[in-house]
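Asks: Listed below are the residues making up each chain.
Number of protein chains: 2
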Amino acid sequence: MGKKDKQFVSEITPMEVDFPQWYTDVIRKTDLVDYSPVKGFMVIKPYGYAIWENIQQHLDRRFKETGHKNCYFPLLIPESLLKKEAEHVEGFAPEVAWVTHGGEEKLAERLCVRPTSETIICEMYSKWLKSYRDLPFLYNQWCSVVRWEKSTRPFLRTSEFLWQEGHTLHETYDEAQDETIQMLNIYREMAEEVLAIPVVIGQKSEKEKFAGAHATYTMEALMHDGKALQAGTSHNLAQHFTTAFEITFLDRDGELKHPYHTSWGVSTRLIGGVIMAHGDNRGLVLPPKIAPTQVAIVPIASHKGGVMEKAMELYSKLKESFRVELDDRENYSPGWKFNEWEMKGVPLRIEIGPKDIENNQVMLFRRDTLEKEAVSLESIHEAVGQQLEDIQNNLLLKAMKMRDEKTYYVKSFDELKEIMEKRPGFVKAMWCEERSCEDNIKAETGVTVRCIPFQQENLGDSCPFCGKPAKTMAYFAKAY
Amino acid sequence: MGKKDKQFVSEITPMEVDFPQWYTDVIRKTDLVDYSPVKGFMVIKPYGYAIWENIQQHLDRRFKETGHKNCYFPLLIPESLLKKEAEHVEGFAPEVAWVTHGGEEKLAERLCVRPTSETIICEMYSKWLKSYRDLPFLYNQWCSVVRWEKSTRPFLRTSEFLWQEGHTLHETYDEAQDETIQMLNIYREMAEEVLAIPVVIGQKSEKEKFAGAHATYTMEALMHDGKALQAGTSHNLAQHFTTAFEITFLDRDGELKHPYHTSWGVSTRLIGGVIMAHGDNRGLVLPPKIAPTQVAIVPIASHKGGVMEKAMELYSKLKESFRVELDDRENYSPGWKFNEWEMKGVPLRIEIGPKDIENNQVMLFRRDTLEKEAVSLESIHEAVGQQLEDIQNNLLLKAMKMRDEKTYYVKSFDELKEIMEKRPGFVKAMWCEERSCEDNIKAETGVTVRCIPFQQENLGDSCPFCGKPAKTMAYFAKAY
Ligand SMILES: [Zn+2]
Ligand SMILES: [Zn+2]
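Chains as they are written, first to last, in my numbering: chain R, 1 to 480; chain V, 1 to 480.
Take the hints with a grain of salt, since some may be wrong.
A pair holds if it fits inside one copy or across any two, identical chains being indistinguishable in the list.
Derived pair list, reagent style BS3-like, types lysine-lysine, alpha-carbon separation capped at 30 Å [what the hints assert, rightly or not]:
1. Lys442 <-> Lys207
2. Lys106 <-> Lys83
3. Lys39 <-> Lys83
4. Lys337 <-> Lys304
5. Lys209 <-> Lys471
6. Lys127 <-> Lys310
7. Lys127 <-> Lys150
The set of hints was computed from the structure by calculation and includes no laboratory data.
The model shown is predicted, which means the values in this text are computed figures rather than measured ones.
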């Protein structure tokens, strides 16, 4: 047995035993990512990057369909710009990387590696905007950002990550608000229809909102371990930055005004969400829409006459419509290959051997249900298309079921504590919306307000945590 | 007249008068790019970025067709890694940006913002590679890099630019050499077939090769002002880095060996090349394959009954196959719009007014030839497709003609000096290949060896610059 075989058979820690270890095992063994020599910075390997490319492709199309254009702003931001919006600098300064030297020379002013680009973009917008006729500005950027993190976990929290950041300007508050919600809905649709992850959408509390925002909206997903993942945010920044950066335009009425402003982003963190929402003790389970390989063809007894020819014929046929791999490696057994493709979360596996060929059929294996069935060679193309669609839908249904089973109502602080100890998940509860109450919940239980959902329910009149009058219903959870 | 109109009618400096000013005028007036508050860092605006996206799309497809996969490596590289390959650090250390602080803390080791990623990638490859069975490694990365430049010009030389960098490992020298040349050919094909820019391909001199390379290959293009642009490079790095980074694999014969290594890249510099190879005194001239807008429809007397309806109908029809804009802005005259679309280099303009509709036709204007013809509404779709193809081909032919007219042979140093003074361009000459000769030519004339072309000609036996025996024919030019 070669070195690779040994690596392979060493087990993935079962998620019930140690969820963080399960996560670490899965991402390493499936070649999504690797640790780099710089602490907290990860290398995204081809298999992980291909997932990101599929997410990008979907989102980029949706952004363009809704009128947005891509551009690119500098990586480095002068310290003086970062400081222009007071809340913003307070939020980000502790976690930025500082460039102090260019070549041999010490810089007159420190530059930070962008942690997000509101400041540099607003500086440019203040030069570009003249008249209401120029509005709206609908721009997006795909790039990497750096936020110095003390403790990191691949995809979920790293000192550098890939993302997109949209930055728009509008004539009125209402238009900015509409844009904020539109983009949140594009994220939600992507999460549900592409990643097969159901999300709760709503507004962040004052404590949890983006540094400098008027209002932050979020989509929150639930992971297998009952912890929440903030999977995307969209901010109505109102005139906070446009005032600080003196962005003005001549309005229809001849008055100089500050425009209204939004920003919104999702990142490679979504890949962490996919792993933790769909994965199982065999490894990854990837939704077909983002799986780098949708179908793996494994020949059985490939040395026997006709097997490789038939497998290659099948491969050529399927590859016109699907992302297919033909696993023709000679130094691995079919059983080993089955395990590997399962671990890598490939939605469908086709097994083809001499007996199958005799019967003019193949065996089709589904990663989500672990079921195998014989399919005739004539109908394999159609069956693959059908099953990929089924798997995509089934994963969303399974994830919704999981989330619903882990969603609770509470009417007292004790109930919250008990749930978080014994069966963590989303907790719906009425809430007073006060910061001191929120701080207290977090201090005692580590639980945060995930969002005030758009879809409200009336569960009572008083806040179960402090007894004050309730203003709203919120989702509470421990979070990544 | 509004502020925008005034900006517009101020002229583009004719290229014969002041070529650098012509370039600056064009890029600013056509909204490709803007200067940022950080000296030497540019903002790529949507119109410029869309050109980059079209280049990316073509190359990414070609990379994948030839078996390469994308991944992502960290932005920041520890100083100790940069220092591992001696020539490499000497070449790059003077122009890197240094991160010294993460948040409030001073770092134990400085990190440089990647100027190129050989070092961090080799560090990872040394962990990943075990056996000859793992080879080849065929990976690419799309990202931005930072090189601290003293004097900068948008797209051509900036302290940050966007690029792709491919990094591959191979079992043998020959395989690495084949890869190096294959990728150079993919670049050449892209330059000629997509950018419509003819290039000379060949090898760099020892002086001009990449810091740490065994051999550097290049494609060199000629600009309107007779200066050369290095438009893409592909390096055979042999075992320079793989030895320094102790990358080994167990070969078929049971021996531990260092693999052979290549890297190759093109950048947003290509956009500068497109501007300077095709542009004219009216502004940009964009090849249809990369033009963000291929066809601009300008309605004439749009308030008259039926005009806007017909224009919109045409727009809907054409947009299924082409990148089309319908210019329905109300506060600009058709004449103003014509000028603007010409300046922005849009390959085709369609004018449609009441008279045209009466005659069941439109006027079709070509940016490259400035010719206008009537086309019947029935055949407009076909005509647009045909003309875009014609324009793409014509631009390449024009650029080849320009280059050939500006390519000279010299047999003496005086001839070189005279040409460079009076009618700069590519100069072909025999060469001794000695560094002292090369240094001397550069010191006296500012001319560098652009490449030793694959396609050799025998122009004599001695070096016209120093009189020593000639070893090869080379291309000489002043360069960006
Ligand atoms: Zn309360
Ligand atoms: Zn010489």
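Asks: Does each hint fit the structure? Answer for all of them.
Replies: Evaluation of the provided hints:
no. : hint              : in the structure
1   : Lys442 <-> Lys207 : within (11 Å within a copy, 63 Å between copies)
2   : Lys106 <-> Lys83  : both (21 Å within a copy, 20 Å between copies)
3   : Lys39 <-> Lys83   : both (27 Å within a copy, 19 Å between copies)
4   : Lys337 <-> Lys304 : within (18 Å within a copy, 69 Å between copies)
5   : Lys209 <-> Lys471 : within (18 Å within a copy, 68 Å between copies)
6   : Lys127 <-> Lys310 : neither (63 Å within a copy, 37 Å between copies)
7   : Lys127 <-> Lys150 : between (37 Å within a copy, 25 Å between copies)
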